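Colleague: As you go down the protein sequences, you meet chains A and B in turn. With this note's numbering, the residue at position 33 of the first sequence is 33, and numbering never jumps. Position in the second sequence (first residue = 1) + 113 = this note's numbering.
There could be a bad hint or two in this list.
Stated by the list, open to error - Pairs of lysine-lysine, DSBU-like flavour, derived with a Cα cap of 35 Å:
| hint | chain 1 | residue 1 | chain 2 | residue 2 |
| --- | --- | --- | --- | --- |
| 1 | A | 41 | B | 121 |
| 2 | A | 27 | B | 140 |
| 3 | A | 73 | B | 140 |
FYI, nobody ran anything at the bench for these hints, they're computed from the structure. Only a predicted model underlies this, so the values are computations on that prediction, with no experimental measurement involved.
Here are the chains, one letter per residue:
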Amino acid sequence: MTIKEIIGVLDGNIRCGESHLNDEITKAFSSDLMSDVLTLKDCPLLLTGLCNVQTIRTCEMANLQVIVFVRHKKVTPEMIELAEENDMVLIECEYSMFKTSGILYMKGLEPLY
Amino acid sequence: MHFEYTIKEGDFVNAGAASSSVKKALKQLNLSSAVIKRVVVALYEAEVNAIAHAYGGTIYVDIDSERILMKVADRGPGIPDLDLAMQEGYSTARPEVRDMGFGAGMGLPNMKKNVDKLVVHTKVGEGTTVEMEVNFVE
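Taking the hints into account, I'd like the entire structure generated from these sequences.
Modeller: This is the structure:
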């Protein structure tokens, strides 16, 4: 799926990284635990309800480029600034983690394991 | 190359700033992304640990053409049972650390998985020093 398609099916709101709308995403991981995120290999997309600067830092270290914040979480200007420094895409979504994961799974995104 | 970074107690906002800086330096050396990721994940876990558990400290990083040496030295409570701390799932983290998405007892195990050499010196009531080495050539 392209990031644009992901935003469409999630009724999401992109907050930064608009130049990546046509990038293709094939896999995703859902977690609020950043130490688990640090163990991932080759995952481009994180779904999380943990909405703070450490989420961005963790994704910087783990090479995740796209973050979808679920459960009505709103990103802060500090998060956007750090994400833009690292060429990341931040998306806000009103749905729960379960619903968000289910929609993307049904649309063909693959789990890492 | 030699770098030093100061860690302040409870400075969660800047947790990862040193690791981010090291990542940028390593990218200049044209190392593989896999090696860079191993280094920064281990250093980031150590950095978060020091901010979360200690009263301050210093990160020392030395890079040459073959390897990176990282030392994270803190002034803090020390680790009473290091074997227990190395076990995945064991944690003494405070609630604010868990609010950051850490504190699940994976810090030291994650460090060990990503480095070629890990040595932990710790003394209760004085502090902990974590030394890590990653070789650039397999």
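Colleague: Given the hint that residue 41 of chain A pairs with residue 121 of chain B, test it: the Cα-Cα distance must not exceed 35 Å.
Modeller: Within the cut-off at roughly 31 Å; holds.
Colleague: Within a Cα-Cα threshold of 35 Å, do residue 27 of chain A and residue 140 of chain B meet the stated pairing?
Modeller: 25 Å, holds
Colleague: Taking 35 Å as the top limit, are the C-alpha atoms of residue 73 of chain A and residue 140 of chain B close enough?
Modeller: Holds - the C-alpha atoms of residue 140 of chain B and residue 73 of chain A are around 32 Å apart, at most 35 Å.
The structure fails none of the hints (numbered hints given earlier).
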